[in-house]
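Student: Heads up: the sequence shown runs through residues 108 to 188, numbered per this note's numbering.
Just so you know, these hints were derived from the structure itself, not from any lab. It should be emphasised that the depicted structure is a prediction, and the values quoted were computed from it without experimental measurement. C-beta atoms are modelled at their ideal positions from N, C-alpha and C, and glycine is treated no differently. A portion of the hints provided could be inaccurate.
[As the list claims (entries may be wrong)] With beta-carbon atoms standing in for the labels, derived distance ranges:
hint, residue 1, residue 2, range
1, Tyr137, Leu168, 37 to 45 Å
2, Lys132, Ala163, 28 to 36 Å
3, Tyr137, Arg165, 20 to 28 Å
4, Ala151, Thr171, 20 to 28 Å
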Amino acid sequence: MKKQNSETIRPEYNLADLGKGIRGKHFSKYQAGGNLVLLSPDVAKAFPTSEDVNRALRELLKPTEKSASVPSRLGTGSKKA
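Could you build all of it, start to finish, from the sequences and the hints given here?
Tutor: Here it is as structure tokens:
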């Protein structure tokens, strides 16, 4: 068991009473339907925080949003008989 750091752990908390955590306990739930996305290590290094990832994705979406709002020109021309 790790040593208790008196500066970060309050005296009323006893780590022995808490027991061991279970690694990956909720992973399958996240994988099944959550909005959790696993990044490749090289991508995670380039975008270390959620805010960085979201900012980059929003920048990618900007041209898509602008082009989606442009009306289609199909069917607006005059027909000659």
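Student: Just pull the numbers of the violated hints for me, sorted ascending.
Tutor: 1
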